[in-house]
Every structure is written in C-alpha cells, then in structure tokens.
Amino acid sequence: MRLNCIINGAAVSVDIDADARLIDVLRDALALTGTKEGCAEGECGACTVLIDGLAVNSCLVLAAQVEGRSLLTIEGLASGDGANALQRNFIERGAIQCGFCTPGMLMSATALLMRVQQPSREEIRRALAGNLCRCTGYEPIIEAVAAAADEMAGPA
Amino acid sequence: MAALATALGRATPASRLIAGGTDVMLQLRASGERPDLLIDISGMGELVFVREQGGRIHIGALTSFARIEADGLLRIHANCLSQAAAHVGSAQVRNIATIGGNVANASACADAIPALLALDADLGIVDRTGQVRRYPLREVLARAGGPRPGVGEAIVDLSFASLRDHQRSAFAKVGVRSSVAVARLNAALFVTLDAARASIAGARIAFGSVAPVAFLDERVAAGLCGRALDEDTAQRFADACAALVTEAIAQRASRPYKQWAIRGLADDLWNAIRGSPTH
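Taken in order, these protein sequences are the chains called B and R.
Quick note: the first sequence uses the working numbering, first residue 25, plus one each step.
Quick note: the second sequence uses the working numbering, first residue -17, plus one each step.
Since the hints were made in silico from the structure, they are not lab data.
Quick reminder that beta carbons are idealized off the backbone N, C-alpha and C, glycines included.
Some hints here could point you the wrong way.
Said to hold, decoys possible - A partial selection of chain B residues facing chain R, derived with a Cβ cut-off under 10 Å:
hint : residue
1    : T72
2    : V80
3    : L84
4    : A151
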C-alpha cells in the first residue's frame, strides 16, 4: 500500500507493507536512521517521534496509521544554521554520553516544550519518564531541558 | 460507522482490530501472527469524545489516556478514571493508547478496568449489522474464554452515571517504578457517603493484577457499608483487602509481596477518599 504523509515538513510518499511498523519505514524505507530502536516494546523511548505534535513510540505505531499526518523526527530538529537550543544545551550540559537514547529524549523534550513553555522540573521528569538513559543519571538531561526552556523564553 | 460495520462483516477469528496499537503491535510481533484482516479504527474521530448526557458520562472508545487524564469533566465525575489514565505507561503511550483498546485487550493489569468497574460502566458494542448494543462491563469481562468484544464486534463507547452528591472515587496502583510501570496491583474504590458525609452508605471496589482480569469484590465493599470514615474502618478495610489478595493468589510466588503491598494500596485509596471533596 502507498503511504502519504508529511515528515519534517516535506511531503513523503512511500510503498509500505500494511502491517509495517512506523520505525521500520522511517529507518529502512526512508533512511531516517536517527530514530533508534531499543526495546521494541514501548518501554525505552529511543524510537520517540512526534505525530501532529504528540510524542509517540514509533515501534508501537502502524505506519499506515500516519496517513495524511505530520511527523517530526530527530532529523527535523536542527535548524539551517545547526543545532537548536535544546540540542545545544544537551551537548553543553553533558546530557549526552553514549547517545543512543538522545534522539528519543530530544523528541520527548520537544513535545513538552511545544506544549509548556516554562515546564517545572516535575513536568520535565514526567514528560521524560518514558525515555530510559543508562549513562547520564538523568539530572544533566533535566537541566538541559530546563536551560533550553529558559533560553527559548528569552529574558524575563 | 457504516464503514466499520462493513469491515466487521468481513472479520474472521483470524482478524484483528487496531486502535492505538500499543497492545496489538506488541502481540503481533511477539506471536508472529499475520491477521487475515487488520481493521484500523484509529482514524475514527467520531469515537473521540467525553461528554455528559442524560445523567451519564459518555467516553468515545478511541479517546486517548492523555485526553482522559486532562479532561475536566472526568476529574469531577470520575476521579478514579482520571487517576488511572495518569498512571498508564509513559507520555508516549498515553498519547495513543485508547480506553476502548484497554478494555478490549483486558489484560490482568489494565489500569482503566478497575476504575470503570468501580464506576459501574457499560460498553456500547457495535456489531457487523451496525447495531450498537449496551452491556455492563462486568458482564463483558465475564465472557468465558473468548475475546472481548467478540469476532465482528467493536467497542464504540463507554458510559457511567454522573457523580451525585456525596459520592467519591479513587484509584491506586503499585508498580516497580513510580511511573511507566506495569501494575503489580491496582484497585479503584467508589463510595457513596451518607447525608452527613460521616459514614459510607454504599461502595464498589475493583481489583486488578490478582486474577486473569480485574473484578469487583462485593465482600470487601459490603464490609465498608455503614462504617464511619475513621481509622478503625481504615484498618478493617486494609485487613479485608489483604485477606482478599491472600486468598486470590494463594499459590502464586508473588503472594508474600502482594499481601503486604495491598495494605499500602488500601491506605492510598482510603486517604484519597477521605481527602477528596464530594461533588
């Protein structure tokens, strides 16, 4: 079957199997390999992408279900002149070590910041509760999201 | 809805319905099953709603847990369901997992089911003729052996009575993490207080993760009736919950853990009921 959707602002049309998972279509058919597969059962969050602004586990979504919808993957985060504020704060604050969880973390954080401009630490923790990191101990990640939110909000 | 009925008309026992997909996708991958027909209902926007009508709250089967958690009407009328929704999986899962899917899958640890049982919910189920019939959830869950709903059927909505004066509900859960955890135990309590709001006139309590599917327990509920909202009742309630769990999972390795964990869960339910404002 043919899937038509918007990915990172561009119209995409691709042949898929009716029972294909979204993550497989992203990685294998569209070469968008920034989205990682960790647990493959919706626990680790490494495969997080945004569908119409909502964070989802792409390992749990049928590719056919995104027909006509708008997706944002990690490849769509950076602006033309490089890393965005969230990505830059992840780098500067040691929120990345092995990096495998980082795309999913960034996508969950992006979904949060699209919804809440100045999230509390608790809101950040809850938004990222579905993203596992075995390296950082989480605190640098939470700091990076909070710092990015401050930076994006501008001077008080 | 007409298209759904047409698709249901083609369904066989080897067919599957998919809503949010958070259970079905895992099951298909784990089993290697290739359904002869995969009916995707996730795009049916008309099954996404929460509204009050005729003294009842109605929830569309495709309403996500994120929406249920955030819904103001449900916070007033179904605190136990709001709390259950907030405890489902991660933000990613809550964004797509649906209440209808949670009920249809009916796993032992499904968070919505104890809440819906405590609210005495019924289900609207459409069949392949397009006719919607209503069934009490407790009866659907008791269907022996078969899938819920059956072949050629789909849940389209759920409903329960609007909260009346002096009624309260609460949900509690024990898992290995404070969030994104499969329930080791979950339960929901619904009580009607007397006019003075000093004692319990009626109660329903449902338990999950202690049987193949969540269930209402009339013995524990009856033990609350006529009792004051005091520490003595709280202790009796915790004892009754512990006795029920001990009996329900007498042969399971998890019994020593759960017979103590249920006491904490009973405390959480009791404190929520005592502390929450009545409608």
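How the hints compare with the structure:
1. T72: holds (6 Å)
2. V80: Since the shortest Cβ distance to chain R is 5 Å, the answer is holds.
3. L84: holds (5 Å)
4. A151: With Cβ-Cβ at 6 Å, under 10 Å, it holds.
Checked against the numbered hints above, the structure violates none of them.
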